Amino acid sequence: MEVTQVLLSAQAVDSTVRKHAEETLNQFQEQNLPGFLLSLSGELASDEKPVESRKLAGLILKNALDAKEQHRKYELVQRWLSLDVAVKSQIKVCLLQTLSSPVPDARSTASQVIAKVAGIELPKKQWPELIGSLLTNINQVPPHVKQATLETLGYMCEEVVPEVVDQDQVNKILTAVVQGMNANEGNNEVRLAATQALYNALGFAQANFSNDMERNYIMRVVCEASLSPEVKIRQAAFECLVSIGSIYYEKLASYIQDIFNITSKAVREDVEPVALQAIEFWSSICDEEIDILDEYGGDFTADSEVPCYYFVKQALPALVPMLLETLLKQEEDQDQDESAWNLAMAGGTCLGLVARTVGDDIVPLVMPFIEENITKPDWRQREAATYAFGSILEGPSPDKLMPIVNVALNFMLSALTKDPSSHVKDTTAWTLGRIFEFLHGSTVETPIITPANCQQIITVLLQSMEDAPNVAEKACGAIYFLAQGYEDVDSSSPLTPYFQAIVQSLLIATHREDAGESRLRTAAYETLNEVVRCSTDETTHLILELAQVIMRELHKSLEAQKLSSDEKEKQNELQGLLCGCLQVIIQKLGASDGTKFAFLQYADQIMNLFLRVFASRSATVHEEAMLAIGALAYTTGPDFTKYMPEFYKYLEMGLQNFEEYQVCAVTVGVMGDICRALEDKILPYCDGIMTQLLKDLSSNQLHRSVKPPIFSCFGDIALAIGENFEKYLMYVMPMLQSAAELSAHTSGADDEMIEYTNLLRNGILEAYSGILQGFKNSPKTQLLIPYAPHILQFLDIIYMKKDMDDVVMKTAIGVLGDLADTLGSNAGSLIQQSQSSKEFLNDCLSSDDHLIKESAEWAKLAITRAISV
Amino acid sequence: MHHHSHGVTSPPPPPPQQTQSTYKPQWPTDTPRVGFFTHLQSNPAAAERSINRWLHTISVRPFKRPAISDQQKRRDISLQRQAQNRRDAQHQARCLASTILSLQPAQYEPAEPDHQLELELELGLELQSEIECEEQRQDLRDIDDVRQASRLKGAEARRWFAKQLMLPEWMIDVPERLNTDWYVFARPAGKRCFVVSSNGTTISRLRNGSMLHRFPSALPNGARTSNNSNSGQSYCILDCIFHEPDQTYYVIDMVCWAGMSLYECTTEFRFFWLNSKLVETGACNAPSTYHKFRFSTIPIYNCDHEGLNVAYTGPVPYVKDGLLFCNKHAHYQSGNTPLMLVWKDENCSQYVIDTDGKGQVPNQQQVVLELLVDGKLATSDDPPVIFGCLNGDFIQKRKRILHYLGKPNRARPFADSYSKVVFQYTVRHSPLRIEHIYASISLSSEEGNKISDLDMAG
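Chains as they are written, first to last, in our numbering: chain P, 1 to 869; chain V, 870 to 1327.
Errors might be hidden in some of the hints.
Here are the computed lysine to any residue pairs in the SDA-like style, where the Cα-Cα straight-line distance is at most 25 Å [said to hold, decoys possible]:
#, chain 1, residue 1, chain 2, residue 2
1, V, K942, P, K681
2, V, K942, P, D212
3, P, K125, P, L83
4, V, K942, P, R704
5, V, K1146, P, D806
6, V, K942, P, T496
7, P, K313, V, F932
8, P, K853, V, K942
9, P, K681, V, A952
10, P, K329, V, R930
11, P, K853, V, T1094
12, V, K942, P, G590
13, P, K802, V, K942
14, P, K838, V, E1149
15, P, K681, V, N954
16, P, K570, V, R934
17, V, K942, P, H511
18, V, K1146, P, N842
19, P, K853, V, A952
20, P, K649, V, L948
21, P, K853, V, R930
22, V, K942, P, A603
23, P, K596, V, D957
Rather than coming from a laboratory, the hints here were simulated on the basis of the structure.
Quantities reported herein were computed from a predicted structural model and do not represent experimental measurements.
Could you put the whole structure together from the sequences, leaning on the hints where they help?
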């Protein structure tokens, strides 16, 4: 088949032409996959063909090898592996051949496809000759081929995990890459491709970094590249340095002085993209040291895998002045630009990290800068001084900061009212927020906010809420942390006298014409939420009033019609915020019996509003409304039944929302709330819900993160409807079993996978737990007996794998108890025979984790009973 | 790698800024023109990664922003709440039902305390009180788990708890395998009671269900203290003897602990649990603001020769009132049980022979029996042992042995058990002596040597 024309048509502007071409390609793929892939690879390899069709051919090839969704990806991998070897090798020949093409787009596309194939085949020990054939003659080939080869190596290193490439090949790759980076490499494109490839290959260089000689060489080449005349190369080299800083922190001691010189020169003299990376190097060193010191836990004798070399502390006297200089390089409009990222911002961020790393030591180094600049006529100097002050508020001890803050507070309050510069006011309000965030609250011994200054602080902040949107937004933030500091007060909050005024000002801020700028409206609602969360019983009546206000707002927003698309978007955003606010209010008022009943008189009204909100198309709005409904169900309890007939369709809709999977995830969570509220009254809706949940699980489209909560939801439903769950067993149990098998045999390749596996296991176990408990004391208990061996086997396997997190451990030991509790002597003997139950139980009994221990004690009781019956 | 060794050399000064070359990095844009089939859509994650590879370090650091958005916070709070609610629901399910007490309609429904009569009691029963009791019994039957029971108040609680204590039979002959299957300990003299901690308070109730003390304690959920992390579900029920002289609750058994029922657990396990858990809570510490009475465990011995000897003669910090023998494999059950036995003689108890209301030993043995609807007089055993029938004929025939003495003390809810009647009888005539028990142990331990030691699994 002649694919060129079809591939071109598939990119046509005319949608009928395009559709037809897509269908043709689809048919071709379905009828003859090997032929399809061969044609595509041939198309990509042929220099006769137009670049557009070659690119698309490569892209389709790539997409035939990989997908975002885990299951789909797995299918594609299996499909490729089962292809005829001859076909695969022919495709691979075409791909490798394309790397020599004079057309850059073709080369680049091919290198990505090669990386995908490598990602599938290298872990299976297939295509062993790949790296060898890429590297043959690397020094003899023309520069464009060399560049494409290095790029391919870079992509490949991104696709595969280091374990699948043996050291010998790693050595070859690194040799080629480092040679390509070398200063005597005449071709800049080659040198850039090599530097970028090194960035991905660094993870493979563990052994090489342990060897002094090789490490020295790599470091020298990276440092040299960081001085290349070519900006892109310098930037890529600094990115390598940043990455080395985090991967090989413990190997940096002998280079840190040189790196400091290079980075500080770049920060002071180089173009912004490079200077930003140079600052980022120090930020990432701070990240490392913060983590290490965190593990030390303040106890310097404690163990950490990596020792702290205190690079930041050593560099402090030179590092801090360098960062302070950057603070003076603000851009005029940076406060209005959401995506702005410049030297001053990066420098201040790094300064904040340095403060967290070294604590008190930073204070004397920064104070002179603040004192010198804070009253200067140039706004840049005042802003830089304020920003410096705000940046160092997290890290140093309250003892060190308190005297300074007490003096500064008045100055800040006055600057916030009087400073002519909006920049300065913005940073001042932000700094006040930081003061409250870190130095105000129940843990701080001497309060910053006293009866004497409380009123003044609040007056100034409320005034600032009328300032420019960016300033008002920061003032909201300051109130947010001011309220948060009182979250632990028992019955009486110092904010109570100002509660009404604060709420009023926040509501006014939400109504400002320009509330859409600098996310002011969002900040105002978020602050309102925090003020509500942290309020005490003294202001309950005001929150009830607020509930009505917010409901009116939501009603008003729902009434608005004939909106432009821009207005529609704003309306959606507002509805989301209002639902979020109502959610917080419901939770607050629902938390105690006294307020709950007062609030419940509005339940019907509020539920009506939520149902109307679902008419909106926005995912965020659906998510917020769902969350609020969950809170409502929790508060109303069984009374929620009356809303089910109307609400059900939206529940179903949420569960069907594969595309906006967060909505689906939130809906699944709310299902749990509803199960617990309705208990067996949910029964009439279960057929529909279960069908939908089972569909969700089988779907390849649904984001995998939603699947563990769906399993948990099975448990919620089973617990709610008890033995009525019987009819779903034949669907649910096999699904749980196969998911359990999958999760039991997944080896955690990376942290993300380990985390997901744990989530999945927890979901599966929660399902088992709910089902077992749901059937307890029912005559139908015996239906579960056949599943018991498998459940125990699953527990055995995950216990022996030793990679459970605490949450899974707690759930797992609970399931062991549930088995014994529900199945009694039927499970007792199985448990006694199981390989590791006893050991597992003992492990959990001696756990430090309170919840694990509690579950284990319960399980022990249940097992003892089951055995002694 | 084969290359030369170089240290990191001081790099040359950076060259002057040059104009950017026209070269653009070849990260191909993945997305073809609009509307290619959805399943072929490029991998956005990978594309994002490719882009972020060169931007990643720039976009991740928030500027003048809290680390977490309020929306995320709301989501997190919701998830936490849902997880907590799920935990609570599970916990509740786990504590439910498996702890059903023996409140199923018994084959034989014992009469309420009010129906109890000593032989001299006038026979007229008030119809009204009978109906009332019927209703109450109905209510109580709905309470099918101790969690609910722990929340009962007032009269209901009284009635419920009056039925729950496990009551020892009196040892009228020595059980077999005493040395292997039984524990022994010296019973403190005092008021037998249930101690219930829940909802931040602790209440002790006497055998008849009436309240002895309401007080804060260090038991789980036994006081309103801020560091009490137990959920509302958490509660404890302990079987205790309140010992007046040192104002201490001696815990002789554990029925529920931290929301978990130990009914249906063996004595062996309950004692193990009791001894490991009670001290952990600080309940055995000296009284303080949040802990009004001291609790104490009791040294419990295997009932071999040595154990019996220590229990019988060894010093204890309390006034002894006989020895209690507990079968290791027994579950906790309400009412009389032959798997817990009490025995006493003058060496280990001041009250071997029952005293009357004035503390005097009466000349004749007194017995409290229950008057059944059909006029029969029964012991508190289940099934009851019928000692006679309140009709003229019975009274005539047995007049020599049984005498009506009057209404029992209202605080005594139960008729005597058969074993008590017999024990009291033998005490007056030919008591079971400690030597008999020692002898029985020696005898069975000889036999026991032959039998392989069967121990409990688990």
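Item to check | Hints violated by the structure (listed by number, smallest first) | outcome: 1, 2, 8, 13, 21
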